[in-house]
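Enquirer: Take a look at the letters that make up each chain.
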Amino acid sequence: MTFALTCENLVKRYDGTAVVDHVGFHIDSGEAYGLLGPNGAGKTTTISMLVGLLRPDGGSVQVNGIEMGSDPVEAKRLIGYVPQEIALYPELTARENLRYFGRLYGLGRRRLAARITEVLDAVGLSERGDDKVQTYSGGMKRRANIGVALLHEPELLILDEPTVGVDPQSRVAILDSIERLVGEGVSLLYTSHYMEEVERVCTRVGIIDKGRVVADGTRRELVAELGGTDKVDLVLDGDVHAAAEKLRAVEGVTEAAVTGQNSLRLLAVGGRHLLPALLGAVDGLAQVTGVDVIEPDLEAAFLHLTGSTLRD
Amino acid sequence: MLTKLSALAVVAGHEVRARLRDGTAVLIAFVAPVLLATLFGVALGGDDEQALDTTIGIVDNDGGEVPASVQREAMDSEQLRDMIGFERFPDVDAAQQAVDDGAAGAAIVFEEGFSESVSAGEGGEVSVLESAEAPYAGVVARSLVDQVSSLVASRTLAVDVSLAAGVPPERVTEFVEENGADGPALRLSDATVAGAQVGMTVHYGAGMAVMFAFFVAGTSARALLTDRQLGTLDRIRAGPVPAWTPLAGKAVVGFGLALVSMCTTWVSSELIFGVSWGDPVAVLLLLVAHVFAATMLVLLVASRARTDAQVDGFVLGLAFVLALLGGSIVPVYDLPDFLQTAALVTPNGWVSEGIGQLAAAGTGVSDVTTPLLVLVGIGVAAGIPAFLRFSKGRFA
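Sequence lines, in order, name chains S and Y.
Here the first sequence stands for residues 1 to 312, where the numbers follow the UniProt record's numbering.
Here the second sequence stands for residues 1 to 396, where the numbers follow the UniProt record's numbering.
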């Protein structure tokens, strides 16, 4: 079977240290796959190898069966890449940016003109397409940034944190566009800091930590790995680090992470029933001013698998 | 292949439009070169034929055939005839006085017994009196002495070899002259005499154009870094284009603009001031080869830079160091010996050499084959690592 994307045993080392360490996963045709990981986990390095920007020290990448290593030009032709940073010429209009990158993808004059109109419409920039990008708001720039990747109607869309720094309204518009594309059969690789975006857009998720994929599955499969574990958020007035240390020793607590100046997040088997023990453990170290017990979700699974929250 | 070239054309076309939009293309390709040529033409007097007009003093303590030969041969030289005249002085003090007063630009002193010593294969001593006020006269005088020295050396060698081969000492002079070694009536070769080879307008006009080519080519490297900072470089590289496309696209534009810039300087100085850089085809080839070398050197140096400011600094440093070493600012023949050798590792030195040959002797492509090959070699040697670095994603 040919997958939209297959990567096997990808390795990238800097100064002898592996920042991507035998990463492997695949994306079925038409599937939306999320790659979750904290900062420095190796997400962007992995994506750079997937889109042919970095040469791996080991492993291989195939796009629709085409080897990136041996035929990069053809493999890249199938990918639409949305980089994390805005990658547009600010002194050009959105239409001029689209025209330039469309030509690089070999689109003919007539098809290019038609696609520019369609893409501007799809990302909601039809009325501002002839304005210079430097006059756009952050959200509009993000949408134009995505638009460039859609021009050549790629079979695989790779989005690296596409909603960073955008206002809620633009985020909704961007996610709507992405869902629409997935609905049209485009395969998707999506990375984000926002768990709720991944849960909304992606059908399968890979969790990457310290350069390794530590889990891979549907949301249901990943959450199921937690068993009867609940997520417990505590708000404390006192020494949160000492409290976290104490709480880790409580039987049934599998993780305890400091999430703010006075907040902790715990994973605890049967968390609801453990509350008295938890409150007792921090007695004398801090005063508990708030407690929230949450059913297991992807974020809890992430904490369970990596020992850290996504925004650590 | 067509797709690859088409991608290259798209990148290059985008770059040209950007340069036209911000006005730098017109500025660096036309305005600055015309100003450069005009400035040097006006400052240095324009017409090259009158660039050097000086008197060389002769102090003939020898009285033999060699000093007379040197003077006679020099006056027979088409190259030197209109540029220098000779005046005899009775002794070194009188010559030194004339040089100090400016009555003579330089003087050549032949010691007593020089011709006889040369004839016997024992070498001889010649010295030059110079003045800081007339550096070119000094260069010409030294160059004449250099030619005499090489003739003396070959004569000495011929005599030594003949003696070693058993020719009787009393027959050796006659023997070496019969067999081709120059006798006391020395004959100067047709080789170009340094300092007289190219007028100042051509020398400095070409020198500045050669240096300016580095700055023009440097704008390509800067544009590449700007693309990197905008993130558009990665976007291009993630597209279906060969890895070398962005670098080559920028380099082509830098090369083109630098070439137009140099040609504008060349044509301006010929049209406005009537000076000649020599055979047009040979000059053009020399300029193409230089711009190629300069573009590749700039890309190589800039490939180590991480910011716009670093690119500017690196290119500035490269351009000035090569200009100083290569004779674009101070003529090569006016530099100390070790710097004259160092000039041979710079594109500037080879362009100066080539233009010198062409402007002085009016010869064609065959006379600048070596400079052309060396310049292309420098370009290839610098270009390969720059492109490899970029292809591996390590550029900047």
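These are computed hints drawn from the structure, not numbers from a lab.
Careful: at least some of the hints might be erroneous.
On the chain S side, residues computed to face chain Y include the following (Cβ under 10 Å) [to be verified]:
no. : residue
1   : I86
2   : G106
3   : V148
Each residue gets a CB set at the ideal place from its N, CA and C atoms; glycine is no exception.
Enquirer: Compare the structure with the hints numbered earlier in the document and write down the numbers of the violated ones, lowest to highest.
Expert: Checked against the structure, no hint fails, so every one of them is satisfied.
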